[in-house]
Amino acid sequence: MTKNVLNYSYYPGCSLHASAKEYDESTQELFKILRIGLQEVPDWLCCGATPAHNVDELLSLSLCAKNLELSEQVEGDLAVACAACFSRLKTAQHKLEENPEKRKQVEYALDAPLTMDKPVKHLLEILAKDYGLEQLSSAMRKSLSGLKVACYYGCLLTRPADVPQLDCAEAPTIMERVIESMGAETVKWSHRLECCGANFTLSRPGVVLQLSNEILASAQRAGADCIMVACPLCHANLDIRQKDIEAASGTRYNLPVLYMTQLLALGAGVSAKKLGFDSMMVSPLPLLQEKGLV
Amino acid sequence: MLQNKNSKMTLSAETMNLDFVKKVEKLSGSSVRRCFQCGKCSAGCPMRTFMEHPPNRIVRLLQLGQYERVLAGRSIWYCASCETCSTRCPNKVDLAAIMDALRKCSWDAKGASKESLVQLANRLFLDNIRTYGRQYEMRLAAAFNLHSGKLLKDFMLGPKLLTKGKLKMFHQKNKNLQEIEKIFSRIEELRKKGEAP
Chain A
244 MTKNVLNYSY
254 YPGCSLHASA
264 KEYDESTQEL
274 FKILRIGLQE
284 VPDWLCCGAT
294 PAHNVDELLS
304 LSLCAKNLEL
314 SEQVEGDLAV
324 ACAACFSRLK
334 TAQHKLEENP
344 EKRKQVEYAL
354 DAPLTMDKPV
364 KHLLEILAKD
374 YGLEQLSSAM
384 RKSLSGLKVA
394 CYYGCLLTRP
404 ADVPQLDCAE
414 APTIMERVIE
424 SMGAETVKWS
434 HRLECCGANF
444 TLSRPGVVLQ
454 LSNEILASAQ
464 RAGADCIMVA
474 CPLCHANLDI
484 RQKDIEAASG
494 TRYNLPVLYM
504 TQLLALGAGV
514 SAKKLGFDSM
524 MVSPLPLLQE
534 KGLV
Chain B
624 MLQNKNSKMT
634 LSAETMNLDF
644 VKKVEKLSGS
654 SVRRCFQCGK
664 CSAGCPMRTF
674 MEHPPNRIVR
684 LLQLGQYERV
694 LAGRSIWYCA
704 SCETCSTRCP
714 NKVDLAAIMD
724 ALRKCSWDAK
734 GASKESLVQL
744 ANRLFLDNIR
754 TYGRQYEMRL
764 AAAFNLHSGK
774 LLKDFMLGPK
784 LLTKGKLKMF
794 HQKNKNLQEI
804 EKIFSRIEEL
814 RKKGEAP
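Chains A and B, in that order, are what the protein sequence lines are. If you're matching positions, the first sequence starts at 244 in our numbering and goes up one per residue. If you're matching positions, the second sequence starts at 624 in our numbering and goes up one per residue.
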């Protein structure tokens, strides 16, 4: 077996074990073919996501600190796939570093001194910065040329400016650069940083029907063939709810929503069968067939 | 009313409810008083059409001592935590953190706000973590429908997601559930002792 070029500990987050399983599968496949090692953190917990920080900051910080403690069992920087988990873990590091009072409370909750130094990295950062775009480009086996991609960042990959530090908060290009390195074409569009309605999908789905409709309409206007995401909740709202959105707005979109790892893995030569395309609500297969990619 | 153009409007500490403002500032780590009402936060807020008070007005109401109206309203529960406001504020007011602090105040004063569905979803989400360590979407959705009385919500979606393998009926249990329970109970302990908000 060939040696890995990079190694990471891996925090998939709850969605990647259920509604976003194709994000997990395609991440594993992509990293395997690029020879980047991923080892899952044993017994990781939910990061608390939006509900925890919305009403109980101390709980949110404690859950994230516990996960960072657990991640110490595995070597390598912590790779995070979900934009929300990434944002929560980075926020916890940021807040606990600058606020000794909160740090003391969290240490009490965990009954242990905090171990917070492990760098937390989103997959995008690993691919674009650690692995490198040139390397990524040379790993290409099947160019995605001719595929017009609308890169959708959503909220938490870049905001607020001082926390994720993945790219510029208001005019990021990291997703475009990553997918262009596999030959794809990216479109310029208005709604790539707007909110999809996030977790209102459970409590107030009407919010998602309105906000995600605007995003789909904007991508369609820009002439995109598909939308690329790096967040399971954005995916759920744009893909799983797309039929409902079409019914509510009276507009036909039929826009496949793909995880960035699915597209990258396809470009790197992973068989389409391993990338979970058939578990998506808006099937990308007709599009990918038309472009000669499957 | 202003008597003439030279008279000044002054606010006393009592009218301002300065204690509450200070509480929010401590919880959020952000100034409330620094806001000068430019409105950039509301201009970029994706949720403003769902709110009775857009974000800049929430801050103004706090500055004017009207916090009870804020806590009772639905606006704070309709914030999506997208962080656009905090990113764009020219005065470094961290409005998203202020919203978290306000939700905590409203949440702790049980029943303060009539927006019950968002709060119900939050409560079930946190209960799930305490019981299972991780989020199980199917359990969460089923519990939400049961507790909200919306039994048929997404009725057509469930079976489709199941056949696509996106919802799991059964799952592995975390081995560290006792440790998780201890985190929750130690936080409760700290609060009882008055050592954490």
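Since the hints were made in silico from the structure, they are not lab data. It is possible that some hints are incorrect.
Said to hold, decoys possible - Mimicking EDC-like on lysine to aspartate or glutamate, the simulated pairs with C-alpha atoms at most 16 Å apart in a straight line are:
{"hint": "1", "chain 1": "A", "residue 1": "K347", "chain 2": "B", "residue 2": "E691"}
{"hint": "2", "chain 1": "B", "residue 1": "K805", "chain 2": "A", "residue 2": "D521"}
{"hint": "3", "chain 1": "B", "residue 1": "K663", "chain 2": "A", "residue 2": "E341"}
{"hint": "4", "chain 1": "B", "residue 1": "K798", "chain 2": "A", "residue 2": "D286"}
{"hint": "5", "chain 1": "B", "residue 1": "K715", "chain 2": "A", "residue 2": "D521"}
{"hint": "6", "chain 1": "A", "residue 1": "K347", "chain 2": "B", "residue 2": "E818"}
{"hint": "7", "chain 1": "A", "residue 1": "K338", "chain 2": "B", "residue 2": "E812"}
{"hint": "8", "chain 1": "A", "residue 1": "K345", "chain 2": "B", "residue 2": "D750"}
{"hint": "9", "chain 1": "B", "residue 1": "K796", "chain 2": "A", "residue 2": "E341"}
{"hint": "10", "chain 1": "B", "residue 1": "K649", "chain 2": "A", "residue 2": "E341"}
{"hint": "11", "chain 1": "B", "residue 1": "K783", "chain 2": "A", "residue 2": "D487"}
{"hint": "12", "chain 1": "B", "residue 1": "K776", "chain 2": "A", "residue 2": "D405"}
{"hint": "13", "chain 1": "A", "residue 1": "K345", "chain 2": "B", "residue 2": "E648"}
{"hint": "14", "chain 1": "B", "residue 1": "K783", "chain 2": "A", "residue 2": "D286"}
How the hints compare with the structure:
1. K347(A) with E691(B): Violated, at roughly 31 Å.
2. K805(B) with D521(A): violated, 41 Å
3. K663(B) with E341(A): violated, 27 Å
4. K798(B) with D286(A): holds, 6 Å
5. K715(B) with D521(A): At roughly 45 Å apart (the allowed maximum being 16 Å), D521(A) and K715(B) break the hint.
6. K347(A) with E818(B): The hint holds at about 10 Å.
7. K338(A) with E812(B): violated, 22 Å
8. K345(A) with D750(B): violated, 23 Å
9. K796(B) with E341(A): violated, 35 Å
10. K649(B) with E341(A): Since the Cα atoms of K649(B) and E341(A) sit roughly 14 Å apart, the hinted pair holds (cutoff 16 Å).
11. K783(B) with D487(A): With a Cα-Cα distance of about 13 Å, the restraint between K783(B) and D487(A) holds, given a limit of 16 Å.
12. K776(B) with D405(A): Outside the cut-off at roughly 39 Å; violated.
13. K345(A) with E648(B): holds, 14 Å
14. K783(B) with D286(A): Status violated; Cα separation ~29 Å.
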